[in-house]
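Engineer: Here is how the chains run, residue by residue.
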Amino acid sequence: MLELQGLDKSFGAVHVTRNVSMKLERGERRVILGPNGAGKTTLFNQIVGELTPDKGTIHLAGQDVTGLSVAGRARQGLSRSYQKNTLFDGLTVEENLGLAAAVHTGHATRLWSDSLAKPEVREIVAEVANQVNLMPYLHAKVSEVSYGVRRQLEVGVALATRPMVLLMDEPTSGVGPEMSKGFHDLLNNLPRDLTILIIEHDMDLAFDVADTITVLNYGEVVFDGLPEAARGSKLLKEIYLGSWEDA
Amino acid sequence: MDLGFWTLQALNALQLSMLLFLLSIGLTVIFGLMHFVNLAHGSLYALGAYFGASLAATGGYWTGFFLAPVAVMAVGLVLYTLLIRRMRKSGPMAQVLVTFGLIFALLDLTRIVWGDLGLPMNAPEILSGRVAFLGVEYPAYRLFVVALGLGVFAALAYVLSRTQIGAMIRAGVDNDAMAACLGINVERLFFIVFCVGCALAGLAGTVAAPLLSVTPDMGLHILIPTLIVIVVGGLGSLKGAIAGSLIYGFVQTFGAVLAPQLASMLIYGFLAAVLVIKPAGLFPAKG
Amino acid sequence: MFRHNTLRYGALVLLAAGAVAHAVTAGYFGLEILTEILILAILVLALDIVAGFGGMVSLCHGALMGVGAYAFALLSTKAGISVPLSMVAAVAITGAGAWVVGAVCARSHGIYFIMATLAFGQMAYSYVFEAPVFGGDDGLGGISRPDLSLVGIDLDDSRSFALFCLAALTLVYGAAVITLRSGLGRSLSGVMHNAQRMRALGLTVWRVKADIFGVSGMIAGLAGVLAAQHSMYISPGLLNWTVSGEALVVVILGGLGTLVGPLVGAAAFVVLKHEVSALTSYWHLVVGSILIAVVLSRANGIFGWVEARWGAKLDRRLADSTRGTEAQEVTGDA
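Residue numbers (the numbering used here), protein chains in the order written: chain A, 1 to 247; chain B, 1001 to 1287; chain C, 2001 to 2334.
Just so you know, the hints here were simulated from the structure itself, not pulled from any lab data.
There may be inaccurate statements among the hints.
[To be verified] Below, in silico cross-link-like pairs of lysine-lysine (DSS-like), each with a Cα-Cα straight-line distance of 27 Å or less:
id, chain 1, residue 1, chain 2, residue 2
1, C, 2313, A, 141
2, B, 1089, A, 55
3, A, 23, A, 55
4, A, 84, A, 181
5, B, 1089, A, 84
6, A, 84, A, 141
[To be verified] Examples of chain C residues lying across from chain A (beta carbon under 10 Å, computed):
id, residue
7, 2144
8, 2178
9, 2182
10, 2185
11, 2197
12, 2199
13, 2204
[Stated by the list, open to error] Which residues of chain C face chain B? A few of them, derived with a C-beta cut under 8 Å, are:
id, residue
14, 2031
15, 2127
16, 2231
None of the values given here were measured: they were computed from a predicted structure.
Every residue, glycine too, gets a C-beta built ideally from N, C-alpha and C.
Sequences are here, hints too, so could you generate the full structure?
Structural biologist: Below you can see the structure in the form of structure tokens.
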């Protein structure tokens, strides 16, 4: 579904990702782990299109999307959530979801009809609100709901474009341990055929939700495999836990 | 069109560039340092011309030349304390609007004080003639303006690159939060830069007065060219201000003699092209 | 996204009633002032759509109005096209021009956007000034108003023409509300809040900005057509950036991003201008001081200030008294 081949990116003399490759099957849930500065965010930005790789290609559902813009990739079925909530604060939860659904259904650029009144848009909004438990908050403004709800909405907005691949940038960033548990449930609620790539540095959560794990260190893939194998890996402990204590 | 023609036009262009440079440098550094958009900068230029003309009428040209910038700086000081300091934390939109209001208010205030008619101001005796220069006869006063502009440019380049306060200004333009962390009093730095910027605007007005007629709306007329200069050059940089001034001066002057029909469109087209291709200007202060 | 509230409906009803009453009773000068207000109101609605709802502070709306005026004048007087068709064509031409400007400037932000729009506006101004076909500094005359004698209306009568402009303003207000509530309008508010996120959702942000700028340009073009018909003579001064600056001042004085506020602003501005000009020749000092005071007060213009003080309270009181019955939606009355 999503295939990265030999992604290389450097800023000046600093090589941030080196020859990163991975392949996600349809419905696969993969977590990318790595200490701070391992190149996770740079890799993420290359996948979504904020950065252009110096070398390498990105294929989405068999199509080369390396040359596409952020918006172009989103239209091909790649959606993302942000580490820091990136919502439309003055609007309601429903309107936030509606904006995304409208883009997906093509109503976002229509001049003579209200996108939020369209049945296809309403349907997506209701479905996503159910998936990420936002039903009770639909008519509340973003600025009026709790941080945890905003975190759910962050995922909801990304889902409302009906993506094939969902990329999540530290989805539990800033929420407490109970919320992390809630996030686990939220992921379980999502359709199984949705391919999910998560950047995370909470190891427990990663082992909990991942089908497969990739570990980055100094911009290179140092591990790629099943969580069970990663858990036992000595290499992982050394590079990851070593610096984890410092962080 | 012989060589003399080209020399003459080049000198005209240079003279216009230098006037614009004196105006734009203050505006661009104020913006670069504090992200403050002061549209009323052109009004300070008009005030400089009025102060210069009035002082020259009583005490001779050089009285006006030296005192008008000081007087304009004093006006700038009043504006700073009453208005601009308060607007520092507001968004660019509010700043644009307040200083836009200031343009209107100052326009009428100059009309109230000096009347609607233009004021005359003569070049000093010693610079009133023409001199032979590079094979053409050129007004000495205009050469003086060119020399003055180049002198100010050299002085500012020296101050910005070689002195401690210059280093502080560069640090402030680059990253004001970081500069504040390094113990630089950004607030005081801005105040100093603002005063110098006002004085330079006043100086530009004074030296422009004998070349143009001193009228209430001269500040409004110069505002757009000044803005074009700093936007084309890139906000916040000395290099951008001088480059923008030269580009404007030459495009405008040569456009007017070579393609009079297109001259005024040429410079706006150029501005639009720069904004499309390099949205941050040719020599932006920040990367 | 634009929403009506009780206060906005109330203000619209008052404004409409005031305009109609004035149109019926006023003498020649009163009607001239009313028409001036109505045309300015159309222009500032156009500006409020882009500046207030899209964050695109334009300094070329005066020029767009001028483009509409000149296009109409040229088509109807020199190209021999009928007046109604010329009006439609002028509006379309202005809209297309605005779309291009919007598309080119869409990448710029803040002061750069302002400067970029200024550049395009001044380009149009210079071109109109220089090109002989536009009559240069002398302008163009002999412009006629639409012929509505079939329905028994003589638009050469200033009362009928004022009502004609009022009808146009009503239409434009309705179109503005529909635009802002459409899918495109919602996307625009999304872009203003957070362009990066809209892009990540797959939206072509520049297209949204350009489309809205085009719609706004059509409205500004209509203001230009009416301005040309009103004075029956046009000069390049119409396109100068100071006209755009003045329109921006009106939007700010009225209340940015409220649609109703700019209408209030237009009325207040024109009336004040005539009153002050009658007393003193220092009109600019007055408007400059008011502008500074309004911005320093941090209120969103006259209407924004009223709304912040009483708008919510009024809505709550009404909601209490009419519990259970939803207020009916009325759109398009001005």
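Engineer: Please go over all the hints and tell whether each is borne out by the structure.
Structural biologist: Now for the hints, and whether the structure bears them out:
1. 2313/C - 141/A: holds, 19 Å
2. 1089/B - 55/A: Roughly 43 Å between the alpha carbons, so the hint for residue 1089/B and residue 55/A is violated.
3. 23/A - 55/A: Distance ~17 Å between residue 23/A and residue 55/A Cα, so the pair holds.
4. 84/A - 181/A: Since the Cα atoms of residue 84/A and residue 181/A sit roughly 19 Å apart, the hinted pair holds (cutoff 27 Å).
5. 1089/B - 84/A: Distance of about 25 Å is within 27 Å: holds.
6. 84/A - 141/A: Satisfied, since the Cα-Cα distance of roughly 18 Å is no more than 27 Å.
7. 2144: Since the shortest Cβ distance to chain A is 32 Å, the answer is violated.
8. 2178: holds, 7 Å
9. 2182: holds, 5 Å
10. 2185: holds, 8 Å
11. 2197: Since chain A brings a Cβ to about 5 Å from residue 2197/C, closer than 10 Å, the hint holds.
12. 2199: Holds: closest Cβ of chain A sits about 5 Å from residue 2199/C, inside 10 Å.
13. 2204: Holds, about 6 Å.
14. 2031: violated, 28 Å
15. 2127: holds, 6 Å
16. 2231: Violated, because the Cβ-Cβ distance from residue 2231/C to chain B comes to roughly 23 Å (cut-off 8 Å).
Violated hints for the displayed structure, listed by number in ascending order: 2, 7, 14, 16.
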